[in-house]
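Colleague: The primary structure of each chain is shown beneath.
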Amino acid sequence: MTESSEQLDALCRNVVRLLDAARGPVHTLRVVAGDAAVELIWPQPEPPVPGAGQAASRPPEVESASAAADGAEICAPTVGTFYRSPEPGSPPFVTEGDLVEAGQQVAILEAMKLMNPIEADRPGRITKIIVADGDPVEYGQPLFLISPDS
Amino acid sequence: MTESSEQLDALCRNVVRLLDAARGPVHTLRVVAGDAAVELIWPQPEPPVPGAGQAASRPPEVESASAAADGAEICAPTVGTFYRSPEPGSPPFVTEGDLVEAGQQVAILEAMKLMNPIEADRPGRITKIIVADGDPVEYGQPLFLISPDS
Amino acid sequence: MFSSVLIANRGEIALRVARACRELGIRTVMVHSAADDHSPALRLADERVRIGPAPASRSYLYPPAILEAAERTGAEAVHPGYGFLSEDPEFAEMCEDQGLTFVGPPAAVLGRLGDKAEARRVASAAGLPVLPGSAHPLRNGSEAERVAGEVGYPVIIKAVAGGGGRGMAVVRHPRELAQAYSTTRVAAQTAFGDGRLYIERYVEGARHIEVQILADRHGNVLSLGERDCSVQRRRQKLIEETPAPGLPPALMAEICDAAVSGARAIGYVGAGTFEFVVDADGAFFFIEVNSRIQVEHPVTEMVTGVDLVREQLLIAGDRELALRDEDVVRRGVAIECRVNAEDPERGFLPTPGVVEEFTPPGGPFTRVDTHGAPGIRVTADYDSLLAKVIVSGQDRDHAIARMDRALAEFRVAGRGVRTTIGFLQEVLAHPLFQDAKHTTSLVDSMISL
Amino acid sequence: MFSSVLIANRGEIALRVARACRELGIRTVMVHSAADDHSPALRLADERVRIGPAPASRSYLYPPAILEAAERTGAEAVHPGYGFLSEDPEFAEMCEDQGLTFVGPPAAVLGRLGDKAEARRVASAAGLPVLPGSAHPLRNGSEAERVAGEVGYPVIIKAVAGGGGRGMAVVRHPRELAQAYSTTRVAAQTAFGDGRLYIERYVEGARHIEVQILADRHGNVLSLGERDCSVQRRRQKLIEETPAPGLPPALMAEICDAAVSGARAIGYVGAGTFEFVVDADGAFFFIEVNSRIQVEHPVTEMVTGVDLVREQLLIAGDRELALRDEDVVRRGVAIECRVNAEDPERGFLPTPGVVEEFTPPGGPFTRVDTHGAPGIRVTADYDSLLAKVIVSGQDRDHAIARMDRALAEFRVAGRGVRTTIGFLQEVLAHPLFQDAKHTTSLVDSMISL
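Heads up: the sequence lines are chains A, B, C and D, in that order.
Mapping of the first sequence onto the UniProt record's numbering: position 101 corresponds to residue 101, and the numbering continues sequentially without gaps.
Mapping of the second sequence onto the UniProt record's numbering: position 49 corresponds to residue 49, and the numbering continues sequentially without gaps.
Mapping of the third sequence onto the UniProt record's numbering: position 346 corresponds to residue 346, and the numbering continues sequentially without gaps.
Mapping of the fourth sequence onto the UniProt record's numbering: position 171 corresponds to residue 171, and the numbering continues sequentially without gaps.
Calculated from the structure, these hints are not laboratory results.
Don't take every hint at face value.
As the list claims (entries may be wrong) - Some chain D residues close to chain C (C-beta under 7 angstroms, calculated; not the full set): (1) ARG22; (2) PRO137; (3) GLY141; (4) GLU143; (5) GLY305; (6) ASP307; (7) ARG324; (8) ASP325; (9) VAL329; (10) ARG330; (11) ARG331; (12) GLY332; (13) GLY363; (14) VAL368; (15) ARG405.
For each residue, glycine too, the CB sits at the ideal point set by N, CA and C.
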């Protein structure tokens with residue numbers, strides 16, 4: 001594992017741990033690691049409503065892996081080798097900046113001679129190609145960033 | 001593990017520990033590690049509701065064994081049986097409200113026929129006798145509360 | 001001998017295989033689903049590959065992803081553990097085609113033993129007693145009725161492709177047969193993709209006895225003795241022990257010899273288990289073969305001192321068995337309890353959740369095989385086995401007292417998480433179990449109270 | 001048989017004794033100092049009494065507090081563990097006077113064996129070979145010089161009241177003797193309150209071999225075989241194993257027989273250990289008796305299957321040994337590593353602190369005896385033993401590989417806390433250790449490099 005991914009790992013693990021420990025609803029959670037600092041703020045208690053259920057005050061959901069800040073990710077559906085072109089030497093399915101339709105093929109993932117087409121799951125602009133042609137990828141690994149064309 | 005992720009780990013583990021210790025609802029928790037600092041703020045207590053349980057919103061007790069709010073404690077120096085008088089039927093060494101000198105005997109702790117005199121370690125007034133005559137006590141168990149005579 | 005192994009499994013058995021590999025100096029690759037990203041078991045691997053999402057059908061049961069991971073990491077062998085693809089002849093064949101050593105029997109043997117009707121024929125031909133039943137898969141419901149009539153009720157209808165207690169139905173009256181036949185057929189088709197069924201006489205009040213076999217590629221076949229797995233809930237084992245209590249040692253020796261004959265007849269290779277039932281009169285009958293390492297293998301390890309997973313690996317590496325019959329010295333009594341994340345008060349429903357406290361027992365003659373740790377998440381994607389607690393003692397009473405002590409020490413807690421620990425202690429304390437007078441119906445009778 | 005035991009100890013051995021008691025249905029009372037208020041070991045007790053502050057002199061070494069706790073809780077017996085009061089004849093006598101069963105030899109036997117010069121005389125009279133040395137405690141420095149001259153250098157000066165590797169000095173040249181004599185005298189007086197010394201010839205390049213004895217009150221004495229404890233740092237054992245590697249089995253049998261003779265001669269009762277040195281020529285000499293359960297007892301348990309603490313309790317309860325020589329079947333090889341909270345890079349200095357991460361190894365044939373858990377505080381008040389890792393294997397190479405695997409799994413972390421795990425792995429990998437050509441000087445030679 002690289003150092004920075006280890007750090008990230010530790011960071012996220014700890015955020016989860018804090019949220020677990022915090023139990024009920026939290027208003028603010030700040031964690032800084034350089035020279036350390038944690039801040040947890042819970043909301044002011046509501047005046048109790050007799051008989052009110054607790055469901056609404058669920059702890060915050062950690063964002064899913066597929067939503068990044070600057071758009072969505074297209075992730076590997078299995079373990080395999082990432083190919084940007086239909087065959088060696090031919091032009092790539094897409095390059096950065098291209099507009100794509102939902103369902104448009106953007107790459108191939110080859111696993112044991114099985115060629116799995118990778119398709120955009122939404123329309124938008126390919127803002128980044130994260131993995132290099134021919135690289136091995138694991139399941140769930142982000143391959144592309146795609147943003148709504150605005 | 002890298003040093004900083006190790007630090008972060010330790011930090012958050014301690015936050016969890018604090019939250020565990022805090023029990024009831026907490027309003028704000030701040031922790032800084034460089035030169036250390038912890039801040040825990042509990043919500044303002046609600047005006048007491050008759051009949052409502054107290055347990056949930058009680059602030060945590062972190063009293064040290066030897067320092068109580070209303071004075072100091074005289075604790076058992078070993079495991080044994082606590083006696084207030086030199087022998088059965090005779091008057092007790094002290095009663096609540098008595099003024100004592102440093103070094104004055106206030107009780108006996110008997111362990112295996114060894115009579116250990118218990119002495120006040122400071123001058124003051126015996127504000128409370130915590131253990132009943134003839135009761136077994138463990139090491140470190142508070143026996144008396146003693147306050148400076150003011 | 002290969003120098004690296006891909007472990008195509010998860011949980012405690014992945015850890016078990018990784019430990020055996022490390023002790024042999026073999027590099028390990030673990031594949032895992034996204035649900036197991038944070039499994040502490042992965043720490044013990046030299047390399048890790050995330051092959052798919054939580055559903056096993058796209059990860060632990062998906063050969064292309066596993067084989068891709070093997071190719072990428074240069075693994076030379078595949079250990080399938082138990083469950084998942086461990087007894088799948090096609091997977092074994094795909095491994096061999098790719099030049100990978102499959103740690104298990106040859107694909108052809110897996111194929112024959114996976115067909116439970118064929119396994120009955122092979123065993124019978126090798127001279128093993130089998131229960132009266134159909135010699136071939138049933139063609140239809142009316143053949144089922146005819147065979148059941150010949151065999152005599154009660155009967156049990158089983159899936160040809162089944163095993164391990166799944167895909168079967170006991171029928172006590174002829175009028176229930178047609179319905180049971182068609183229900184089981186649908187269930188078998190759904191579960192195994194193969195709706196073929198066969199019938200056997202059903203033995204009430206039986207003991208489940210199985211024999212651990214080791215067989216190398218050089219013709220050596222060894223029995224490591226029997227295990228008694230009669231404590232079952234709906235044919236899922238809860239407690240296993242060895243030696244089989246309250247049964248004549250001579251009978252056990254006879255069953256072990258039968259298993260060795262069967263293994264020789266089929267050309268078995270690797271670690272395998274021959275399952276039998278013993279009826280109230282002490283007659284025994286072959287049921288099926290489990291062509292893999294078993295969940296309950298540790299009890300055999302405890303009394304023999306033989307490391308079965310190590311032997312599996314050595315056999316797959318073409319080594320000749322170093323053990324001979326006379327080297328197998330059995331000592332004392334060993335018991336295993338399976339601690340599952342299930343709620344005994346709600347019909348043993350699995351209880352997914354995050355395990356917050358996890359403190360397994362320790363001490364002398366006490367072994368815990370587990371992937372559990374504080375913080376692990378129990379998911380509904382896989383089976384609910386949380387830990388196996390195995391103890392040995394100089395005699396059975398001592399072993400039972402030790403198991404009770406160990407279970408009492410075990411602390412598992414987490415929101416929503418329940419375990420079978422308390423129920424296991426009830427079984428240990430049951431007079432029938434303590435006197436070794438229990439049968440496979442003990443647990444069901446306790447639950448229906 | 002008594003129905004309750006007070007455990008007058010702490011740490012892993014308190015846990016070990018509590019487990020054995022629970023398995024026998026015996027109620028347990030644990031006494032503890034204020035430093036151990038939060039020890040997870042206390043969880044396993046039925047009752048707990050805090051008897052004093054952190055310093056052992058006012059808690060674990062203070063008989064009145066322990067006996068008061070016994071009286072208060074109605075305990076019927078006292079198990080002293082090892083160290084602390086375990087070999088103190090006065091404490092044993094106080095227990096018996098109070099009507100408590102002391103789980104150990106009679107006070108008179110403790111008294112004679114605790115006087116190491118007397119123990120030499122007893123052993124010699126029983127026909128055991130002893131090293132040339134003083135027959136009685138030395139009167140003064142000039143007698144020491146005379147005896148050393150007769151015995152021949154190098155010699156070792158030892159405290160009569162010592163044992164367990166403490167209170168001794170090796171002298172290689174006559175000119176160093178006077179100084180060593182007076183230094184050791186002061187040290188012995190300080191440590192044991194008894195400045196008496198004796199002299200023995202010192203054996204360089206020796207193997208430390210000891211024999212586990214069980215003796216009941218009915219005249220039965222049993223040897224459970226030898227242990228090799230040659231891996232020591234400053235006479236503190238780090239790694240122990242059985243059988244003794246690279247030494248002739250016939251020699252080991254002879255040593256075991258000698259230990260049994262010695263135990264019979266002294267009227268030994270309980271579990272005890274006879275220590276010997278074996279020189280480079282294969283001659284062996286009696287050194288001393290440890291009149292208690294040893295730290296390293298688990299290696300004997302692993303190869304024999306005998307629960308030594310259980311046997312101790314049964315013997316103390318007046319039971320006759322159920323085991324006979326022919327029941328002691330030794331199988332395989334067992335090794336123990338002591339994991340201490342010490343920093344090998346700073347002269348094995350103890351490293352007090354709070355253990356934040358604590359994940360002991362698991363798996364087959366691997367046992368961990370420990371009171372460790374996340375959150376425990378290692379204090380400077382007691383010894384630095386954090387855990388004992390014990391493994392067994394079918395042969396020594398396998399056991400070494402397994403130990404290395406287990407140590408590699410062991411995760412201990414906490415601010416300031418260091419452990420000997422890495423150093424233990426270095427010893428395991430050392431060619432002299434691997435070839436069983438090491439002596440008691442191995443570790444010192446590794447450190448001085």
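Colleague: Now look at each hint and say whether the structure bears it out.
Modeller: Now for the hints, and whether the structure bears them out:
1. ARG22: With Cβ-Cβ at 4 angstroms, under 7 angstroms, it holds.
2. PRO137: violated (40 angstroms)
3. GLY141: violated (48 angstroms)
4. GLU143: violated (47 angstroms)
5. GLY305: Because about 5 angstroms separates GLY305/D from the closest Cβ in chain C, which is inside the 7 angstroms limit, the hint holds.
6. ASP307: holds (6 angstroms)
7. ARG324: Given a least distance of 13 angstroms, the restraint on ARG324/D is violated.
8. ASP325: violated (16 angstroms)
9. VAL329: With a minimum Cβ separation of about 6 angstroms from chain C (threshold 7 angstroms), the hint on VAL329/D holds.
10. ARG330: Result: violated, 10 angstroms to nearest chain C Cβ.
11. ARG331: holds (5 angstroms)
12. GLY332: holds (5 angstroms)
13. GLY363: holds (4 angstroms)
14. VAL368: holds (6 angstroms)
15. ARG405: holds (4 angstroms)
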